[in-house]
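Asker: Each chain is listed here by its residues.
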Amino acid sequence: MNSEILFPRFLDDSNEYVQAERLWSQKFEEIVSQFGERSLWDVPWLATAFVDGVPFQDGNPIFSAICWSRNKAIRVIQENPAAADGGLSVWSDIFDADGPSPITELVISCVLTEDALNEAMQKIQFFVRPRAGQSVPHAESGILIPLTQTTMGRDALIQLFATQSIFRRPEHIQRFSIVSRGLPNFGLTEQRATGSQIQNINELLSPRTMADTAEWKTLSLIGSAEGLS
Amino acid sequence: MVGRDESHEGSEPLHRGRIQAQGGGTEVSVAWAQPAAPTLTEMLGFCDTLEGKLAPAEREVRRSDFAALRKFLKTAASHGGISGELKKSFREKRAKSIRVDLEVRKGKACVSEPDKKADEGEKT
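Just so you know, the sequences run in chain order A and B. Following my numbering, the residues of the first sequence are numbered contiguously, the last one being 575. Following my numbering, the residues of the second sequence are numbered contiguously, the last one being 114.
None of these hints come from the bench; they were simulated from the model. Watch out, some of these pointers could steer you wrong.
Unchecked claim - Covered by chain A, according to a simulated footprint, are these stretches of chain B (three or more residues, beta-carbon under 8 Å):
# : stretch
1 : 39 to 52
2 : 68 to 77
Said to hold, decoys possible - For lysine-lysine, the following DSS-like pairs were computed, each having C-alpha atoms within a straight-line distance of at most 30 Å:
#  : chain 1 : residue 1 : chain 2 : residue 2
3  : B       : K64       : B       : K83
4  : B       : K43       : A       : K373
5  : B       : K61       : B       : K86
6  : A       : K469      : B       : K43
7  : B       : K96       : B       : K61
8  : B       : K86       : B       : K96
9  : B       : K64       : A       : K373
10 : A       : K373      : A       : K469
11 : B       : K64       : B       : K43
12 : A       : K418      : A       : K469
13 : A       : K373      : B       : K86
14 : B       : K43       : B       : K96
15 : B       : K64       : B       : K86
16 : A       : K418      : A       : K373
17 : A       : K469      : B       : K96
18 : B       : K86       : A       : K469
19 : B       : K83       : B       : K61
20 : A       : K418      : B       : K86
21 : B       : K96       : A       : K418
22 : B       : K43       : B       : K61
23 : B       : K86       : B       : K43
24 : B       : K83       : B       : K96
25 : B       : K64       : A       : K469
26 : B       : K43       : B       : K83
27 : B       : K96       : B       : K64
From a predicted model like this one, the values you see are computed outputs, not experimental measurements. Idealized CB from N, CA, C, for every residue including glycine.
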């Protein structure tokens, strides 16, 4: 247990405020970097200054981040230690609920202590972790399918990928790549095929192109816009 | 980085947002979507409208939240306003998730009257 308040004068001392902001950002970056997804998140997301440039400097929020491709965001409010009860509050919300792309928000509000920081990061880690089979729009008109299980056999992969709509239109897949790790002497490697080589999912994931024991990190599919949904 | 696609938003109002009372089973909001940024007077009016839509008990439990929101809006007006994307939760009593949220989705809010006239002038 470590309930000592970190940066207790952050609302009055701009140096402490900057240090607190950096701490939240640094911890968040450690989490998303674990998943190899730092580039998917915009940090900060929300404005923290008035139009004339004067910062709010009120801890509300002290940190924010958004993943546009998954419509998910995080907002952290660091409370005034003098006025708060010390507990950590967590709730979910929707930003722009009536707009074209509502954003699911995880909101955390707390006084900053080592314990609160650790608890907050556990909540954030659970919220941001990529779900197996969750596809991510890719800048090159494709999708990425991150895998949370780092070791998956061919059968498990076939089951997972069969849930992806792109496999219903394999003729639109222009090329695919599977990034794997754990292969001796290669580190990260890629296997590729072109659309003409891909007849169906079994061909795509045939033993010729995959080894059962490899640790697959990401499957990326680059297809025409028509074939993606 | 994949950002929000705003290419389809050309015909949408330039200034959008809402104030919402949330938590404890309450979800009531007042939204704006208009060509000119709302002034401080308009924003305070939205607060009044939202308070008026709440039941007495819902309003009472958020009395200090509304006070903090109004204070923030007045401060914002003295600094040229606020701009999106912005979201703040006013939760003065820290009672579960009972709160009032301010959300600026697009454009500005809390501008002064002269700023609003200039804003409207630019569009004519």
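Asker: Mind checking the alpha carbons of B/K83 and B/K96 for me, to see if they're no more than 30 Å apart?
Answerer: 29 Å, holds
Asker: Does the structure keep A/K418 and B/K86 at a Cα separation of 30 Å or less?
Answerer: 22 Å, holds
Asker: Hey, B/K86 versus B/K96, does the alpha-carbon distance stay inside 30 Å?
Answerer: Distance of about 29 Å is within 30 Å: holds.
Asker: Please work out if B/K86 and A/K469 have their alpha carbons no farther apart than 30 Å.
Answerer: 17 Å, holds
Asker: Given the hint that B/K43 pairs with B/K83, test it: the Cα-Cα distance must not exceed 30 Å.
Answerer: Judged against 30 Å, a Cα distance of about 21 Å means the pair holds.
Asker: Quickly compare the C-alpha distance for B/K64 and B/K86 to 30 Å and report which way the hint goes.
Answerer: Cα-Cα ~27 Å, so holds.
Asker: Taken at face value, is the distance from the CA of B/K83 to the CA of B/K64 at most 30 Å?
Answerer: Roughly 21 Å separates the two Cα atoms, so the pair holds.
Asker: Taken at face value, is the distance from the CA of B/K96 to the CA of A/K469 at most 30 Å?
Answerer: Status holds; Cα separation ~29 Å.
Asker: Is the straight-line distance between the alpha-carbon of B/K96 and that of B/K64 30 Å or less?
Answerer: The hint holds at about 20 Å.
Asker: B/K43 and B/K61: Cα distance at most 30 Å?
Answerer: Holds. B/K43 to B/K61 sits at ~21 Å (cutoff 30 Å).
Asker: Tell me if chain A covers the stretch 68 to 77 of chain B under the three-residue, 8 Å CB rule, please?
Answerer: holds (count 9)
Asker: Quick one, are A/K469 and B/K43 close enough, alpha carbons at most 30 Å?
Answerer: Violated, because 34 Å separates the two Cα atoms, which is more than 30 Å.
When held up to the earlier numbered hints, the structure conflicts with 1, 4, 6, 9 and 25 and fits the remainder.
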